[in-house]
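Colleague: Let's have the full structure, built from the sequences with the hints guiding it.
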Amino acid sequence: MIAGLSVSYRDILALSGVSMATSCGNRVALIGPNGAGKSTLLKAIAGLVPKSSGEIRWRGTAVRKWSREFAYLPQREEVDWSFPITVRGLVEMGRYPQTGWWRKFSGDDTRAVDAALDSLNLNELQHRQIRELSGGQQQRAFLARALAQEAHVFLLDEPFTGLDRNAAVLLADLLKKLAGEGRLIIASHHELVSAPDLFDEVLVLNTHQVAFGAVTETLTPQLIADTFAIPV
Amino acid sequence: MIEELLASPFYQRALAAAAFIGFTNGFFSGFVVLRRNALSVSALSHTMLPGIAVGILVTGVLSQWNAFFGAMFAALLVGLGSVAVARGKRVAEGTSLAVLYTAAFAAGVAILPKLDTRSELEHWLFGDILAVGNMDLWIAFSIGAVILLATNLLMRPLLLTLFEPNVAAAQGVPVRAMQYLVFGMLVLALVSSLQAVGCVLSVGLLVTPAATVSLLTDKTSALFWGGGLIGGGGSIAAVIISGPLGIPPGPAIVILLGLLFILAYLFSPKYGLLSPKFLRKAQP
Chain A
2 MIAGLSVSYR
12 DILALSGVSM
22 ATSCGNRVAL
32 IGPNGAGKST
42 LLKAIAGLVP
52 KSSGEIRWRG
62 TAVRKWSREF
72 AYLPQREEVD
82 WSFPITVRGL
92 VEMGRYPQTG
102 WWRKFSGDDT
112 RAVDAALDSL
122 NLNELQHRQI
132 RELSGGQQQR
142 AFLARALAQE
152 AHVFLLDEPF
162 TGLDRNAAVL
172 LADLLKKLAG
182 EGRLIIASHH
192 ELVSAPDLFD
202 EVLVLNTHQV
212 AFGAVTETLT
222 PQLIADTFAI
232 PV
Chain F
-10 MIEELLASPF
0 YQRALAAAAF
10 IGFTNGFFSG
20 FVVLRRNALS
30 VSALSHTMLP
40 GIAVGILVTG
50 VLSQWNAFFG
60 AMFAALLVGL
70 GSVAVARGKR
80 VAEGTSLAVL
90 YTAAFAAGVA
100 ILPKLDTRSE
110 LEHWLFGDIL
120 AVGNMDLWIA
130 FSIGAVILLA
140 TNLLMRPLLL
150 TLFEPNVAAA
160 QGVPVRAMQY
170 LVFGMLVLAL
180 VSSLQAVGCV
190 LSVGLLVTPA
200 ATVSLLTDKT
210 SALFWGGGLI
220 GGGGSIAAVI
230 ISGPLGIPPG
240 PAIVILLGLL
250 FILAYLFSPK
260 YGLLSPKFLR
270 KAQP
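Line by line, the protein sequences give chains A and F.
Using the numbering used here, the first residue of the first sequence is number 2, and each one after it goes up by one.
Using the numbering used here, the first residue of the second sequence is number -10, and each one after it goes up by one.
Keep in mind that the hints are not guaranteed to be accurate.
List time: in silico DSSO-like cross-link candidates among lysine-lysine, alpha-carbon distance up to 30 Å [what the hints assert, rightly or not]:
(1) A:Lys66 / A:Lys178
(2) A:Lys177 / A:Lys66
(3) A:Lys105 / F:Lys208
(4) A:Lys52 / A:Lys66
(5) F:Lys78 / A:Lys52
Chain A regions said to be covered by chain F (calculated; three or more residues, Cβ under 8 Å) [said to hold, decoys possible]:
(6) 40 to 54
(7) 64 to 78
(8) 85 to 92
Derived DEER-like restraints, expressed as beta-carbon distance ranges [stated by the list, open to error]:
(9) F:Thr206 / A:Thr217: 48 to 54 Å
(10) F:Ser210 / A:Ser20: 43 to 49 Å
(11) F:Gly232 / A:Gln99: 39 to 45 Å
(12) F:Arg79 / A:Gly183: 51 to 57 Å
Keep in mind the hints are simulated off the structure, nothing from the lab.
No residue lacks a Cβ here, since even glycine has one placed at the ideal position from N, Cα and C.
Modeller: Okay, structure coming up:
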């Protein structure tokens, strides 16, 4: 759960008064107009930007800076896909919090990587370079990396952006499956129409928290109009 | 004639220096290629010249350490200065870097000949590997050892940082520290190659080897070790053939490495322009 979270860049308040309580097995959408602080909130939860106030509690204790159980998946265009690494290499990077900086890969590590590749159907692609992947496959490779890390909270920045229809359907099924296995999915999302199909809960942001709750009850036409400043 | 040369301590030192410096720079070139900012490395290398000049000016003596601290100071000044200027939003960062480094380089060219040192300006610009002394050799060796040790110990966090800093930070990697470390080692590598190829050509030694390897393989670790082998082997070979060809050794090193790169670009089995696989793909 998150309590009274605020984030400032220098003197500018980017995000304030965010409080929400959710639990594993849920898919939470962060919705709001551009610049509403969706990415900032994800980064704050992942420990990438300092919190100016408030705290994030996980399993009853406050998360200090980062937690191995949190996995951050950046927007696809922020990643340098020409980096020379195979899909398997990318997934293996997910094990580094477990292996530390020096320890060799053990049987457990290899099994975790194999299992992650397996559950995301990346077995046949594991020796490909990541630059050869399609958008949906790239997204899956990063999900597999988070699985190998044995993360419980998946923080995804605009996972559906730029995916074609089939890939989006596949990703939606995957997120449902991951949540069904008891993981918490928190994802920023810019498309209002599809939100009720893809998520269980929604946090509406506009530099401050507008609303939080079950997606079908929270996303009322009036609230959408107010947040996005569109006439109903 | 070769035997005669090999017996000369100058020549032996030159070959050893070529091996150490070439390998270290070739190894580190893997990071430069992965960081994708070869051009700003070029700016950094030119900036070393005024740094060295000021180092000599302040301390009155020329030593590798003065050169190092001077170069480091100047590189920091120009690097951070260009970021600060670009922050004003009027000027792009590449533009401000270009302005500042050429101005700094010009200042170096102007100051160095006025200083009371034995070496010529040309020595600093293009290097003179035949003039390395025992002390230079030790410094090249130490810098090489430090870089190889640090990069190998910290290979995982370094690669994580270079690949995606945000993801790395979310995994608990001290990203800022890693970035400073890469920058510090970059300046160290540049300073170590000063003696061999000078500040203008040092970029060649610090980019070309791994760039060549990247045309031959997709293995990340090969960028480093392969880059080291190409850098070291290429430098030794260049020093040997430079004599008979009547070319100064510094330029010979960079020319040879450049030729290897072009050969790989054309004939690499996997990605070469003239490889059977690539030609087949290009056909409709």
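Colleague: Using C-beta distances, would you say chain F covers the segment 40 to 54 of chain A, given that this needs three or more residues below 8 Å?
Modeller: holds (count 4)
Colleague: With the threshold set at 30 Å, check whether the alpha-carbon distance from Lys66 (chain A) to Lys178 (chain A) stays at or below it.
Modeller: holds (28 Å)
Colleague: So the hint says 43 to 49 Å: do the beta-carbon atoms of Ser210 (chain F) and Ser20 (chain A) match that?
Modeller: Holds, since Ser210 (chain F) and Ser20 (chain A) (Cβ atoms, about 46 Å apart) stay within the stated range.
Colleague: Between the alpha carbons of Lys78 (chain F) and Lys52 (chain A), is the straight-line distance 30 Å or under?
Modeller: Status holds; Cα separation ~27 Å.
Colleague: Do Thr206 (chain F) and Thr217 (chain A) keep their Cβ atoms within the hinted range of 48 to 54 Å?
Modeller: The hint (48 to 54 Å, Cβ to Cβ) holds, given that Thr206 (chain F) and Thr217 (chain A) are roughly 52 Å apart.
Colleague: Taking the beta carbons of Arg79 (chain F) and Gly183 (chain A), is their distance inside 51 to 57 Å?
Modeller: Holds, since Arg79 (chain F) and Gly183 (chain A) (Cβ atoms, about 52 Å apart) stay within the stated range.
Colleague: Given the hint that Lys177 (chain A) pairs with Lys66 (chain A), does the C-alpha gap stay at or below 30 Å?
Modeller: holds (28 Å)
Colleague: Please verify the coverage claim for the segment 85 to 92 of chain A: does it have three or more residues whose C-beta sits within 8 Å of some C-beta in chain F?
Modeller: holds (count 4)
Colleague: Go ahead and decide if the range 39 to 45 Å is satisfied by the Cβ distance of Gly232 (chain F) to Gln99 (chain A).
Modeller: violated (54 Å)
Colleague: Confirm or reject the coverage of the segment 64 to 78 of chain A by chain F under the rule of 3 or more residues with a beta carbon closer than 8 Å to the chain's beta carbons.
Modeller: This one holds; 8 residues, not fewer than the three required, reach chain F with a Cβ under 8 Å.
Colleague: For Lys52 (chain A) and Lys66 (chain A), compute the direct alpha-carbon distance and say whether it is at most 30 Å.
Modeller: Measuring from Cα to Cα gives roughly 10 Å; hence the hint holds.
Colleague: Given the proposed pairing of Lys105 (chain A) with Lys208 (chain F), does the C-alpha separation stay at or below 30 Å?
Modeller: Distance of about 18 Å is within 30 Å: holds.
Going down the numbered hints, you'll see the structure goes against just number 11.
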